[in-house]
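2 protein chains.
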Amino acid sequence: MSRVRVHNLSVSLDGYATGEGQSLEAPFGHAGGRLHEWLFATRAFRAMQGETGGETGADDAFAAQHDPGIGAEIMGRNKFGPQRGPWRDHEWKGWWGPNPPFHTPVFVLTHYPRPPLEMEGGTTFHFIDATPEEALRRAREAAGGRDVRIGGGPTTVRRFLEADLIDHLHLVLVPIVLGRGVRLWDGLEGLERRFRVESVTTPSGVTHLTFTRP
Amino acid sequence: MSRVRVHNLSVSLDGYATGEGQSLEAPFGHAGGRLHEWLFATRAFRAMQGETGGETGADDAFAAQHDPGIGAEIMGRNKFGPQRGPWRDHEWKGWWGPNPPFHTPVFVLTHYPRPPLEMEGGTTFHFIDATPEEALRRAREAAGGRDVRIGGGPTTVRRFLEADLIDHLHLVLVPIVLGRGVRLWDGLEGLERRFRVESVTTPSGVTHLTFTRP
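Chains A and B supply the protein sequences, listed in that same order. If you count by my numbering, then the first sequence holds residues 1 to 214, one letter each, in order. If you count by my numbering, then the second sequence holds residues 215 to 428, one letter each, in order.
For the record, the hints were derived by calculation from the structure and aren't laboratory data. The beta carbon of each residue, even a glycine, is placed where N, CA and C say it ideally should be. Hints may be right or wrong, so weigh each one.
[To be verified] Covered stretches of chain B (in silico footprint by chain A; criterion: 3 or more residues with CB under 8 Å from a CB of chain A, positions within the stretch not fixed):
1. 227 to 241
2. 278 to 284
3. 359 to 366
4. 403 to 409
5. 418 to 427
[Unchecked claim] Simulated DEER-style distance windows between Cβ atoms:
6. B/Q279 with A/P203: 51 to 59 Å
7. B/G401 with A/P203: 43 to 51 Å
8. B/E334 with A/G57: 16 to 24 Å
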């Protein structure tokens with residue numbers, strides 16, 4: 001059975017995985033880049049942007065697990081863009097330009113379905129109104145036996161954790177206090193009992209936690 | 215100038231430093247011992263209980279910093295005991311028996327002052343109704359030039375952090391999701407900007423964070 005994986009989900013000490021006030025200029029709201037500095041510095045992330053260079057230590061080893069073996073992604077609508085409610089700007093095709101770094105089918109959860117968007121490089125965005133279980137069924141079909149990544153944001157990851165659909169969760173604890181934003185942990189009391197948990201701090205100061213289904 | 219220090223403050227992934235429902239039988243409420251397993255295993259903690267043995271690795275190195283150089287402690291009333299409101303049980307002398315492990319003056323913050331309790335081994339509990347600043351002034355006087363420990367619980371530590379009175383904060387992130395209890399982080403947005411922050415994970419799976427005033 002293919003696995004359902006989360007990678008590189010950065011969380012503040014107070015449990016926020018994105019800031020308050022998302023906008024076109026601020027995809028992570030008032031958090032800015034503070035949750036992702038460790039990621040931006042890695043070779044794996046830079047390669048996803050078509051750039052060279054970057055750190056190749058432990059942070060990079062974790063970051064590089066994002067893609068291999070993945071056949072489809074499921075993301076929440078707020079990861080796709082800052083629009084809420086009925087789609088008004090039909091020209092918006094995500095934050096990532098004409099060739100997004102997914103290169104697989106991507107299922108965008110929304111209460112406002114619309115026709116798929118086929119992009120360069122193998123990414124097609126499918127806009128579906130579905131429960132986590134139904135979205136996962138569709139993503140698994142599309143993934144052709146490979147794994148499915150739950151790409152975020154925190155609300156989407158939390159819903160899949162609540163439904164106990166995640167097999168591998170990679171979190172990155174960033175030692176900052178964001179104060180406001182979207183919380184990851186609400187409703188997940190006792191989550192650790194369903195997983196084998198490992199922690200490791202890297203020289204950048206973040207702590208990588210992996211929750212793996214035993 | 216003597217420093218103001220916090221040691222061994224365990225926090226869950228969702229930011230709770232104690233559970234819900236404190237009682238005589240459950241000093242940490244529904245959290246039980248889950249936030250402190252790393253501590254109970256250390257030689258330093260066992261020595262404080264008058265016991266021998268225990269782990270002597272990195273967790274112990276952190277735990278052992280609790281006492282040296284400390285001349286007084288400030289604690290919240292809920293650390294002293296489970297009573298709320300006016301004191302009814304005057305026989306209650308804390309969780310720690312006749313010879314508490316503090317061996318210094320201890321200032322218990324309460325809206326219901328009462329006469330001091332002199333215990334064996336050098337601990338005297340003083341019950342004062344005071345702001346953090348005033349409590350610290352009194353503790354510093356009593357400490358005779360040594361450092362002052364803010365002993366918890368989370369509400370008390372948070373109040374001293376809000377007032378920017380802490381010089382050294384040692385937190386222990388325990389990879390569990392408590393779901394309910396008393397939060398540490400509320401109102402502390404941007405806390406990390408006032409400190410130099412270090413993180414290290416130990417083989418027990420917890421991550422020690424030190425916030426040190428630069």
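| query | Which earlier hints turn out false for this structure, listed by number in ascending order? | reply | 2, 3, 6, 7 and 8
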